[in-house]
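On the provided structure of chain S, position chain H as indicated by the hints.
2 protein chains.
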Amino acid sequence: MQPLKLSLALDMMGGDHGPQSTLPAALAALQEFPDLHLICCGDQRVLEQHLAALGVAAHSRLRILPSHDDVTMSDKPAVALRSKRDSSMRHALELVETGEVQACVSAGNTGALIAIAHYVLKMLNGVERPALVSALPSCDGRPVYMLDLGATVNCDADTLFQFAMMGAVMAEEVMGISAPRVALLNMGEEEIKGSDQIKRASQLLSDCHELNYIGYIEGNDIFSGKADVIVCDGFVGNVALKTCEGVAKLMLKRAKQNIQQRPIAALLSWLCKPVIKSLYQGMNPDHYNGASLIGLRGIVVKSHGNATKDAFLSAIRQAVREVERQVPAKIKDRLEQVLIDKA
Amino acid sequence: MQPLKLSLALDMMGGDHGPQSTLPAALAALQEFPDLHLICCGDQRVLEQHLAALGVAAHSRLRILPSHDDVTMSDKPAVALRSKRDSSMRHALELVETGEVQACVSAGNTGALIAIAHYVLKMLNGVERPALVSALPSCDGRPVYMLDLGATVNCDADTLFQFAMMGAVMAEEVMGISAPRVALLNMGEEEIKGSDQIKRASQLLSDCHELNYIGYIEGNDIFSGKADVIVCDGFVGNVALKTCEGVAKLMLKRAKQNIQQRPIAALLSWLCKPVIKSLYQGMNPDHYNGASLIGLRGIVVKSHGNATKDAFLSAIRQAVREVERQVPAKIKDRLEQVLIDKA
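Those protein sequence lines, which keep their order, are chains S and H. Numbering that gives the first Met the number 0 puts the first residue of the first sequence at 0, with every later residue one more than the last. Numbering that gives the first Met the number 0 puts the first residue of the second sequence at 0, with every later residue one more than the last.
By construction, these hints were calculated from the structure, which means they are not laboratory data. Do not take every clue at face value.
DSBU-like, lysine-lysine: derived pairs with alpha carbons at most 35 Å apart [as the list claims (entries may be wrong)]:
1) H:Lys252 to S:Lys252
2) S:Lys255 to H:Lys255
3) H:Lys252 to H:Lys308
4) H:Lys248 to S:Lys248
5) S:Lys83 to H:Lys225
6) H:Lys83 to H:Lys4
7) S:Lys252 to S:Lys308
With the rest of the complex left out, here is chain S:
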């Protein structure tokens, strides 16, 4: 059953702050999108309490779907999959599967979300493994899509090839970049570098005329604007993304120390506060953008576990954009075209 209206399911209980972040974000989204309908999955009593605290008795486009269990941040994926069938996360994903909603958003346990989404929604034909993809900032102001950020630890060449294809579709459809430049993350730009999987994936990508493959890229060029889509396995992508967060923290700490050591410390510190604050916010992309779990037969957006109201709202916006652009259908079409051309 295809829904007639723009509708999303939200996992209200996920993330470090639960309904404290997710409910204000949901209400803001309803205001921003007049056609949007939300099914809020979670503990009915808790959600009603929070609604009341916000001075909202009811909303015609917001419905609560009660759940009686929670996936916690420390649950192992396999355990969450097996034993948390009455959780808000599971319900939200099932609503996508039945077609009652067009996408879901969660700030919950990433590993559990991937495992349950994989089980409930299944993979698109031609895609073997899901990928987490996020738009990162770059020096030239254009966003760069990087995947996989942690959904699939070990990737063979075919999987990397499929990730490249899916990333290109995201960049084209969601960000409107035509013929996005696709690169493989490697430890050198020369053809001889890297693991066997990477070399084979590079060959597959070179042979594919549907993609604008530009070759290898190194870590120092992730943010340089050289590529629009950067492909790597989930382990490398996860480490690289989290390393960014670590470097950003270190640099901001050092900047503050440096400022304090200057003779005009007090003035400088006062003057630089807004610079440092805006810098910090800009450098935590996954705090401010949702990551999309792609390759599945449905749209799943993962907000950061530590998501604030604004971050969760931004993830909802992203889900709306993906619904409007019909991302899974576009990925499916593109993969089919490649398979036909290969045959």
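Then chain H, alone, in the frame of chain S:
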């Protein structure tokens, strides 16, 4: 034959700047270490010209060993190994092998240096693969040793275990950190995360009482000061280190843009210049510290390809420190002890 004096071989022709950086650094090192003897490997005519230009006719503790070929930055490792036998890089490594010097320093092609060093010097007993290790900055001011930064792409659990051991010896001997906290870089802190190699390596490390193994660490904690030694395979380490460089560049660019957007831009920009400069220098660790190639039967320090005089001098200092602390012998002793305890 054990040398009686402190002596190093320098690959004078390596790096982007060749003798323009390496020669002034060599002369500064001779001034800094009154016992140091240097064998400068390179094109005799070029080196003599540079010496003359610096107003130095000869130095009693500097000897030139002529070479007639160069390993270029674009040479493939296998080609450099086979066909560049009369290069300054090869000569410098052979001087370590024959015992004429105690260590060598090169700013040349990293892949070629690893391949030739591996061939010429051979591995220590009990070590299967070499690792590149460097001391990175951390939030609490203590350096953190990270390895492998790109010498060995695919590492099995035993190799990661050996890297952990070698990293701990470096932290103890070179930096004087007692019972250094050793961590494995992973995509989550939970025991269930990561690849099979990582999980097996974690088991090996947990079972080893000679090491202060603290478990997994994520990318955002590389610089947080949680660990003294961080172990990963060469692919992941290389990407993580280069990603740091990319993030640092992006942040500095954004900081400058942010400053320019402020109403008091000119004043702020002028006041912040030294802060930004010192920040940039502090965040390019591999520009300012040499990386050591360890696991070999000799000391090899790799300076950054873009090394300035100061960077190359810093790599020479590091080589001297490793000679004084007899790092390869200490690694050998430690590994033997572990093997005895296991038996």
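Q) Does the structure break any of the earlier hints, and which numbers would those be? A) Checked against the structure, no hint fails, so every one of them is satisfied.
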